[in-house]
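Student: Sequence:
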Amino acid sequence: MIMKKYDHFEEYEWIGLFWAETIPNESEISMEFPGKLTYSIENGVQLSFLYPAVKKIKKLKYIHGALENGEKCTLFGDFDPDRFGFHFGEISIYKAKITFNSVIFGIHTTTEDKFDGISLDLTNFQEFCHPQGFLDLAKYSEKPIFAEYHGDIEISLVNSAKFKQLEFNVDTLFHCRNEEAGLEIKNAIKEVIEKYKGEEILTRTDIGWELLLKNKNGLTIYEAMKNTLLIEQFLSLLIFSPTRRTRLNVLNRSDEQPDRFKYLPTLTTLFDISKFKEKVLKANLSHMYLPINGRNIDFGKTIKNWLLNMRNSKCMHFLCLINLEEQQSLK
Numbered sequence: 001m002i003m004k005k006y007d008h009f010e011e012y013e014w015i016g017l018f019w020a021e022t023i024p025n026e027s028e029i030s031m032e033f034p035g036k037l038t039y040s041i042e043n044g045v046q047l048s049f050l051y052p053a054v055k056k057i058k059k060l061k062y063i064h065g066a067l068e069n070g071e072k073c074t075l076f077g078d079f080d081p082d083r084f085g086f087h088f089g090e091i092s093i094y095k096a097k098i099t100f101n102s103v104i105f106g107i108h109t110t111t112e113d114k115f116d117g118i119s120l121d122l123t124n125f126q127e128f129c130h131p132q133g134f135l136d137l138a139k140y141s142e143k144p145i146f147a148e149y150h151g152d153i154e155i156s157l158v159n160s161a162k163f164k165q166l167e168f169n170v171d172t173l174f175h176c177r178n179e180e181a182g183l184e185i186k187n188a189i190k191e192v193i194e195k196y197k198g199e200e201i202l203t204r205t206d207i208g209w210e211l212l213l214k215n216k217n218g219l220t221i222y223e224a225m226k227n228t229l230l231i232e233q234f235l236s237l238l239i240f241s242p243t244r245r246t247r248l249n250v251l252n253r254s255d256e257q258p259d260r261f262k263y264l265p266t267l268t269t270l271f272d273i274s275k276f277k278e279k280v281l282k283a284n285l286s287h288m289y290l291p292i293n294g295r296n297i298d299f300g301k302t303i304k305n306w307l308l309n310m311r312n313s314k315c316m317h318f319l320c321l322i323n324l325e326e327q328q329s330l331k
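Counting with full-length UniProt numbering, you get residues 1 to 331 for the letters of the sequence shown.
Calculated from the structure, these hints are not laboratory results.
Check before you lean on any hint, since a few could be wrong.
In silico DSBU-like pairs for lysine-lysine, Cα to Cα no more than 35 angstroms straight-line [stated by the list, open to error]:
id, residue 1, residue 2
1, 72, 301
2, 197, 226
3, 59, 301
4, 304, 282
5, 61, 195
6, 162, 275
With beta-carbon atoms standing in for the labels, derived distance ranges [said to hold, decoys possible]:
id, residue 1, residue 2, range
7, 259, 191, 45 to 55 angstroms
8, 259, 300, 30 to 40 angstroms
9, 297, 82, 45 to 55 angstroms
10, 15, 180, 55 to 65 angstroms
11, 145, 54, 21 to 31 angstroms
12, 162, 82, 33 to 43 angstroms
13, 291, 9, 46 to 56 angstroms
14, 297, 176, 35 to 45 angstroms
15, 308, 279, 33 to 43 angstroms
16, 83, 256, 36 to 46 angstroms
17, 255, 163, 21 to 31 angstroms
18, 255, 149, 18 to 28 angstroms
19, 297, 34, 27 to 37 angstroms
Quick reminder that beta carbons are idealized off the backbone N, C-alpha and C, glycines included.
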């Protein structure tokens with residue numbers, strides 16, 4: 001199943017049903033209630049909801065939901081009834097608007113469940129890897145561009161791309177003032193397509209780069225967020241500019257194909273964002289003017305050295321000063 005990609009710099013809104021565990025009352029141990037889930041970079045992941053005050057809900061670290069588009073979701077954060085609003089009337093109701101740490105789509109899970117890793121794109125990361133004005137010159141690789149290991153951790157850089165069938169756009173793909181030459185090229189390609197009729201021959205329409213971080217021992221959702229934060233800080237030092245996640249997916253091994261992963265889109269609350277910071281993060285850098293970029297350093301070895309030394313106490317003390325509020329929210 002191809003999951004939607006949610007971008008941390010876009011805004012989203014869903015209506016859905018959510019449920020939380022209640023303090024046991026006879027045979028009922030959970031309660032379903034309607035709510036509106038929203039996301040924006042300034043306000044983060046927020047849930048507005050109400051439910052009748054007939055049962056007392058437990059204080060929880062996560063709740064499950066089903067959205068209007070048919071997607072499952074799990075919201076992580078403090079779901080504390082003591083902080084809800086209360087309205088007295090013919091029907092008394094609880095109501096609240098809560099900011100959660102994160103929401104993961106496509107699965108009902110818990111804070112203890114472990115995932116195989118994360119895939120990550122960041123602000124200005126595409127430009128860091130390759131000048132975006134010259135994407136036609138970038139080579140696509142089915143294999144990882146690099147893969148480095150540190151203990152149970154594997155971090156790699158891979159290509160993502162979009163393709164379409166060549167046979168459906170041969171007549172519009174080429175242009176030549178010499179009509180005879182253009183026709184000869186088209187006919188030659190059509191002959192190759194006909195010769196290899198059973199093969200899928202594609203033309204590339206887009207290309208990108210993403211970081212994959214996998215852990216043999218697995219990662220909880222909060223461990224995944226901490227690793228995301230570390231990678232952001234690492235890239236910020238390389239390009240000498242603030243960097244935050246744009247697209248984030250949690251990797252979950254497929255039951256049907258154990259060698260493949262499901263990409264579960266994830267949105268997180270960035271607790272340190274302001275209008276000014278958002279403007280700085282959205283500023284486009286130029287690959288040509290970056291003193292360090294993905295083509296003039298050995299990016300794989302640089303990341304490996306980072307992983308080897310990131311436990312250094314002085315380094316970690318420095319990093320703990322960055323995004324302190326967000327790191328505290330992940331504890």
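Student: A separate judgement is required for each hint: does it hold in the structure or not?
Tutor: Status of each hint after checking the structure:
Among the hinted pairs, residue 72 with residue 301 is inconsistent with the structure: their alpha-carbon atoms are about 38 angstroms apart, more than 35 angstroms. Only pairs whose Cα atoms come within 35 angstroms are accepted, and residue 197 paired with residue 226 is rejected, the gap being roughly 48 angstroms. A C-alpha spacing of about 45 angstroms is found between residue 59 and residue 301, which places the hinted pair above 35 angstroms, so the restraint is violated. With a C-alpha separation of about 28 angstroms, the suggested pair residue 304 and residue 282 falls inside the 35 angstroms cut-off, and the hint holds.
For the suggested pair residue 61 and residue 195, the alpha carbons sit about 59 angstroms apart, so the restraint of at most 35 angstroms is broken. For the hint linking residue 162 to residue 275, the alpha-carbon distance of about 33 angstroms falls within 35 angstroms, and the restraint holds. Take residue 259 and residue 191: their Cβ atoms lie about 36 angstroms apart, and the range 45 to 55 angstroms is violated. Checked against the hint of 30 to 40 angstroms, the C-beta distance between residue 259 and residue 300 comes to roughly 22 angstroms, which is inconsistent with it.
Taking the beta carbon of each, residue 297 and residue 82 are about 51 angstroms apart, inside 45 to 55 angstroms as hinted. In this structure the hint that residue 15 and residue 180 lie 55 to 65 angstroms apart at CB holds, the actual value being about 60 angstroms. The supplied range of 21 to 31 angstroms is broken by residue 145 and residue 54, whose beta-carbon atoms lie about 57 angstroms from each other. Remark: the range hint 33 to 43 angstroms for residue 162 to residue 82 is contradicted by a beta-carbon distance near 48 angstroms.
At about 25 angstroms, the CB distance of residue 291 to residue 9 disagrees with the hint of 46 to 56 angstroms. Take residue 297 and residue 176: their Cβ atoms lie about 40 angstroms apart, and the range 35 to 45 angstroms holds. Taking 33 to 43 angstroms as the suggested C-beta distance range, the pair residue 308 and residue 279 conforms, at roughly 35 angstroms. At roughly 42 angstroms, the beta-carbon separation of residue 83 and residue 256 lies within the given 36 to 46 angstroms, and the hint holds.
Between residue 255 and residue 163 the C-beta distance comes to about 27 angstroms, which sits within the given range of 21 to 31 angstroms. Separation of residue 255 from residue 149 is about 26 angstroms and conforms to the stated range, judged on CB atoms against 18 to 28 angstroms. A hinted range of 27 to 37 angstroms for the beta carbons of residue 297 and residue 34 is inconsistent with their spacing of about 51 angstroms.
In this structure, the hints that do not hold are numbers 1, 2, 3, 5, 7, 8, 11, 12, 13, 19, in rising order.
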